[in-house]
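Chemist: The chain contents come next:
Protein chains: 2
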Amino acid sequence: MSSDDAGFKVALEEAKQGAKEGGIPIGACLVNKDGKILGRGHNMRLQKNSATLHAEISTLENAGRLPASAYQGATMYTTLSPCNMCTGACILYKVSRVVMGENKTLVGGEDFLTQRGIEVVNLKNAECEGLMKKFISEHPDDWLVLMRG
Amino acid sequence: MSSDDAGFKVALEEAKQGAKEGGIPIGACLVNKDGKILGRGHNMRLQKNSATLHAEISTLENAGRLPASAYQGATMYTTLSPCNMCTGACILYKVSRVVMGENKTLVGGEDFLTQRGIEVVNLKNAECEGLMKKFISEHPDDWLVLMRG
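Line by line, the protein sequences give chains Y and V.
Under numbering that gives the first Met the number 0, the first sequence has 69 at position 70, and the numbering climbs by one with no breaks.
Under numbering that gives the first Met the number 0, the second sequence has 125 at position 126, and the numbering climbs by one with no breaks.
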């Protein structure tokens, strides 16, 4: 598992697309056990005034309504450690693995994923971290309002 | 706290609206500490082919993009015990209380809510249970596909 992995590359493309749109630059991609992309998406909080369209939720939403079996053995790639909501979504759909770009910006529900038997991989990718660092320095209020109200 | 509580009545109305639309009859309502309704919604899995618009997610989405402070002291009313995704969403936004109609149909992330200091109330409401029983008996496949793939 490296940052060259196709699923991760798509998640990173999505994060960059979010940045282009002036949004919070977090992207995700859901890949099934056969390597097929089921969905991809990015955080739409600012673009759609959305409280729930985080990158992983956008991705699951874009994948559409699938039977539970479709998620068996799937990997959720995300450029940032998943928050509690997105962690819960990965547990709900019983994905097998979560691969994150980084967790320096935020540590989400990694422990909870591990407790539920979901493999967690951190790529410690500098590009993902850089995207978030740039966003937070340019839009501190849009980030801090999430963190402390 | 009883089934006459205004927030719960709205959640139940939402569940019934979902039933009318042929959807999974689960409704929710988010009420802030001053008793103001911030959002309301119902499960849209069938209506929108949505993997993420559970009742609580629809409700948070309909409430729009709010600062974290808006959720302080808030109560999430839902007609059914919240799944892991919706549990995670309540933890993300740090609502103070989750009031559910019933948990006979499904026991979601109640323990996790309690561990995180969120008060959990179960109204054991027969009407909520009846709505789900009717839906599952009439559309067993649409429910079981969620449970076992």
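Mixed in with the good hints, there may be bad ones.
Pairs count within a copy or across copies, as identical chains cannot be separated in the list.
Unchecked claim - Think about it this way: if two alpha-carbon atoms lie no more than 27 Å apart in a straight line, the pair counts; the simulated BS3-like pairs of lysine-lysine are:
id	residue 1	residue 2
1	K93	K103
2	K132	K93
3	K47	K32
4	K93	K35
5	K19	K93
6	K103	K132
Hints were generated in silico from the structure; no laboratory data involved.
Chemist: What hint numbers does the structure not satisfy?
Modeler: 5
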